[in-house]
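Engineer: Which chain is which? The protein sequence lines are A and B, in order. Quick note: the first sequence uses the numbering used here, first residue 1, plus one each step. Quick note: the second sequence uses the numbering used here, first residue 1, plus one each step.
Hint data in this document are derived by calculation from the structure and do not stem from the laboratory. A few of these clues could be false.
Computed spacing ranges between beta-carbons, pair by pair [stated by the list, open to error]:
(1) B:V16 <-> A:M92: 48 to 54 Å
(2) A:M185 <-> B:A68: 38 to 44 Å
(3) B:A12 <-> A:E170: 35 to 41 Å
(4) A:G55 <-> B:L146: 47 to 53 Å
(5) B:L76 <-> A:R254: 54 to 60 Å
(6) A:R45 <-> B:A12: 27 to 33 Å
(7) A:A157 <-> B:L62: 53 to 59 Å
(8) B:L76 <-> A:G119: 42 to 48 Å
(9) B:A12 <-> A:R254: 36 to 42 Å
(10) A:E259 <-> B:A12: 25 to 31 Å
(11) A:L203 <-> B:N226: 45 to 51 Å
(12) B:A46 <-> A:C164: 53 to 59 Å
Computed footprint of chain A on chain B, listed as stretches where at least three residues anywhere in the stretch have a Cβ under 8 Å from a Cβ of chain A [stated by the list, open to error]:
(13) 8 to 16
(14) 173 to 182
Here the structure is a predicted model, which means the values were calculated and not measured. The beta-carbon is built from N, C-alpha and C at its ideal position, and this holds for glycine as well.
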Amino acid sequence: MRLLLVPALLVASFVFAACGESGDEAGRLVLATTTSTRDSGLLDRLLPIFEEETGCRVDVVAVGTGAALELGRNGDADIVLVHARDAEDAFMAEGHATRHEEFMVNHFVILGPEEDPAGIRGQDAAEAFRLMADAGATFVSRGDDSGTHEKEKSLRALAGLEECWPELLESAQPMGATLLMADEMGAYTLCDSGTWLSRRSKLRLVALVASGAGLRNPYAVMPVSAEKHPSARTDLAEKLAEFLISKRAQEMIRAYRIEGERLFTPTRLEERGN
Amino acid sequence: MELFAEGIREAAGLIVSGDALVWDAAWRSLWISVLAVLLAGLVGVACGLGLALVRFPGRALLIALARAGMNAPTVLIGLLGYGLLSRRGPLGGLELLYTPWAIVLGEFVLALPIIVTWTQGSIRKLDPRVFETAITLGLGAWRRVLVYLSEARLAISLAFLTAFARCFTELGIAMMLGGNIKERSRTLATATALETSRGDFARGMAMSLLLLGIGIAVTLALSLLNARRREEER
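Looking at chain A on its own, in the form it has when it is part of the complex (with noise of 0.2 Å):
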């Protein structure tokens, strides 16, 4: 009997750990969102506030936009956070959320070589993928329907690119990997400016493309339906999104940096009077 009496109390032991994980809390939250929303770190930021003010936890699931949008059609979801208009507008348009809150925005920067064998530095960003198709330039593709990859796509579509050129690559990896792997490889590739802010003392990848209307990339927020999912939490949903359009974590957003830079523009000030 001695035999059994360790695992006995070890099993006693773990449960009595592991019940003190749970905790007692007003509601449990899940956050669905993309993975360099989590990297950015502005999250760590926001919800420590919103869950004070509201005794609501917010578990933050961080896969790719396609992914996230997904958890959010199967109801695991009960808030997604994403940056992919088209698949925003097909996830509303299915009845999934009660609304759609564009909160915040940056943009994105096509990345190479300081060499840029294409020629695209300082192009218009479709223009670039051209340049880069046209030259058989070694490109690293997310290849994952993360919103990054879903804007690669659109970039290609509106350059006339029907096909993908032999030297695109698709990693199928996050974006922070993915920036490694076109630096290892002296390639071009795509990249949110918040990840390659954060990232780029690390790298030897050049920003090439970095403005224009066609590389703007904003961020909404949309609390999944009870009506659809009546298992999801609407009402803290709800909440959660009046937070982030809410002036006090518009202005977080503001003055949330990095290395002295802004990785994110907030939307929603001038309309609140300011």
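Model the placement of chain B on the given structure of chain A, informed by the hints.
Structural biologist: Chain B in isolation, oriented as in the chain A frame:
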């Protein structure tokens, strides 16, 4: 080589500074995998014994299934678990998805076939005289089973260690069912994957070294415990 040096330096830094997030993840990895293996051990040893000692139709099929189950990819277990625990799934009402308990469940499924297979195999492989002696001694069924288990304990304890090693370092289940939520369901393995995907290879290396270190420490501790018990028995 620079990466290794940097990784080891960073690992030492994480341990010395007591980085709260890393230790939080390490502790969660440990309790989840130990709990999963112990639960799988309770069920698995019982099933293994049954499969080894009781004749019934379909037994060979069940044994083959358990052996095949050792090949189950963790991502497949993760996907099946997701289908089960999703709010749309049959167990959705329990709201276990994206909690550590979901990982315990998945790792239980991962560990079970290992323990069933090894228990069944090691009991079958016992010297036939063990069975004869136990019966000749007129022991009750319960005492006989304890004798068999005691004779097969080396193989069974190795099964527990193998199951622990797989669960502790496992990534697919923890990622899919736990969701890698900071301070809630992040394990050392998902934290390592996170740092690597962010492109911070040194920190990823540091965490995987920590994962390796804790795994080795647990294995060594259990082996020592075993060795000491054998000493006492002599």
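Engineer: Is 42 to 48 Å a correct range for the gap between the Cβ atoms of B:L76 and A:G119?
Structural biologist: holds (47 Å)
Engineer: Do A:M185 and B:A68 keep their Cβ atoms within the hinted range of 38 to 44 Å?
Structural biologist: holds (40 Å)
Engineer: Does the Cβ distance between B:V16 and A:M92 fall inside 48 to 54 Å?
Structural biologist: Check passed, 50 Å falls within 48 to 54 Å.
Engineer: Mind checking the hinted window 53 to 59 Å against the Cβ distance between A:A157 and B:L62?
Structural biologist: holds (54 Å)
Engineer: Lying within 27 to 33 Å: is that true of the beta-carbon distance A:R45 to B:A12?
Structural biologist: Distance hint for A:R45, B:A12 holds at roughly 30 Å.
Engineer: Quick check: does the Cβ-Cβ distance between B:A12 and A:R254 fall within 36 to 42 Å?
Structural biologist: holds (39 Å)
Engineer: Using a Cβ cutoff of 8 Å, are there at least 3 residues of the segment 173 to 182 of chain B near chain A, or does the coverage claim fail?
Structural biologist: Result for this restraint: holds, n = 4.
Engineer: Between the beta carbons of B:A46 and A:C164, is the distance compatible with 53 to 59 Å?
Structural biologist: Between B:A46 and A:C164, where Cβ atoms are some 55 Å apart, the hint holds.
Engineer: Is 45 to 51 Å a correct range for the gap between the Cβ atoms of A:L203 and B:N226?
Structural biologist: At roughly 50 Å between Cβ atoms, B:N226 and A:L203 fall inside 45 to 51 Å, so the hint holds.
Engineer: Between the beta carbons of B:L76 and A:R254, is the distance compatible with 54 to 60 Å?
Structural biologist: Because 45 Å falls outside the window, the suggested range is violated.
Engineer: Does 25 to 31 Å hold as the CB distance between A:E259 and B:A12, or does it fail?
Structural biologist: holds (26 Å)
Engineer: Okay, the segment 8 to 16 of chain B and chain A, do three or more residues pass the C-beta test at under 8 Å?
Structural biologist: With 0 residues close enough to chain A, the hint is violated.
This entry does not satisfy hints 5 and 13, going by the numbered hints stated previously.
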